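K.L.:
Below are the chains, spelled out letter by letter.
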Amino acid sequence: MRHLTDRKRAVGLGSAKSGTAHFWAMKVSAVALLILIPLFVFTFGPMLGEEHDEVIAYFGRPFPAIVAALTIAVTFKHFKDGAQVMIEDYVHGLAQKIAIIVMICISYAAAATGLFAIARIAL
Amino acid sequence: MADVNRGNRPLSPHLSIYRPQLTSVSSILTRITGNALLVSALLVVWWFLAAATSPEYFAIADGILTSFLGKLVMLLSLWGLWYHSLAGVRHLIWDAGHGLKLETATKLGWAVIVGSFVLTILTVLVIA
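Protein chains in written order, with the UniProt record's numbering: chain U, 1 to 123; chain X, 1 to 128.
I should point out that these hints are in silico values taken from the structure, not numbers from a laboratory. Treat the hints with care, since some could be wrong.
PhoX-like mimics (lysine-lysine), calculated; alpha carbons at most 25 Å apart, straight line [stated by the list, open to error]:
(1) 107/X / 27/U
(2) 27/U / 8/U
(3) 8/U / 80/U
(4) 97/U / 27/U
(5) 97/U / 17/U
(6) 27/U / 101/X
As the structure is a computational prediction, the values presented were derived from the model and not from experiment.
Construct the entire structure; sequences and hints are all you get.
P.N.:
Printed below as a string of structure tokens:
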């Protein structure tokens with residue numbers, strides 16, 4: 001038998017408006033990647049080990065270029081959010097803050113590098 | 001007082017107490033594959049950067065990714081990618097409130113494991 005109402009349990013715990021933002025962001029990027037990953041695997045895969053001019057010509061086409069750019073952007077966003085949860089579980093205190101900042105910086109840097117490379121190839 | 005005996009209380013059972021089960025092993029593998037995929041993600045970005053830079057630089061990056069060790073990393077990553085994708089689908093199903101019965105959860109676990117190997121083999125057959 002509960003002597004505490006749901007409302008009373010929730011009072012004082014802060015706003016619920018942004019509490020699920022991280023969870024929801026992971027859902028959105030996960031569903032997006034379910035579409036992007038197969039497309040990327042079967043466009044990037046056959047190009048691995050091919051001649052340079054062929055690779056440049058292939059990723060100069062709109063579809064492979066857009067798929068690659070989207071996959072890189074969404075993958076590193078999804079990685080950033082997921083790796084943050086892992087760090088929060090295993091690292092604590094100041095080390096946790098540093099680890100999360102370094103990991104997020106690496107994610108942004110890798111995404112920017114990948115997008116720059118694809119833009120340079122495609123344009 | 002509220003802080004009497006602080007830090008010396010019995011702990012609830014934790015990971016080391018439980019026998020590994022399919023559900024727990026398939027769960028931790030999701031985290032391991034997801035985070036380990038950073039390695040191949042960075043390699044792929046490097047491959048694109050090399051392709052955008054020059055044919056000579058591309059030859060170096062492409063050579064490393066298609067070397068024996070590179071192929072091994074890419075093959076393991078491919079399995080990790082499919083595993084993580086299928087495990088992600090399992091989480092989407094769970095989050096929607098389905099498949100949470102023990103029997104169903106175990107079946108889903110086997111589906112993720114078997115499916116990841118099947119998809120890896122199929123992908124290699126299609127691409128190679």
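K.L.:
Each hint: holds or not?
P.N.:
Status of each hint after checking the structure:
| no. | hint | result |
| --- | --- | --- |
| 1 | 107/X / 27/U | 23 Å, holds |
| 2 | 27/U / 8/U | 30 Å, violated |
| 3 | 8/U / 80/U | 35 Å, violated |
| 4 | 97/U / 27/U | 24 Å, holds |
| 5 | 97/U / 17/U | 24 Å, holds |
| 6 | 27/U / 101/X | 22 Å, holds |
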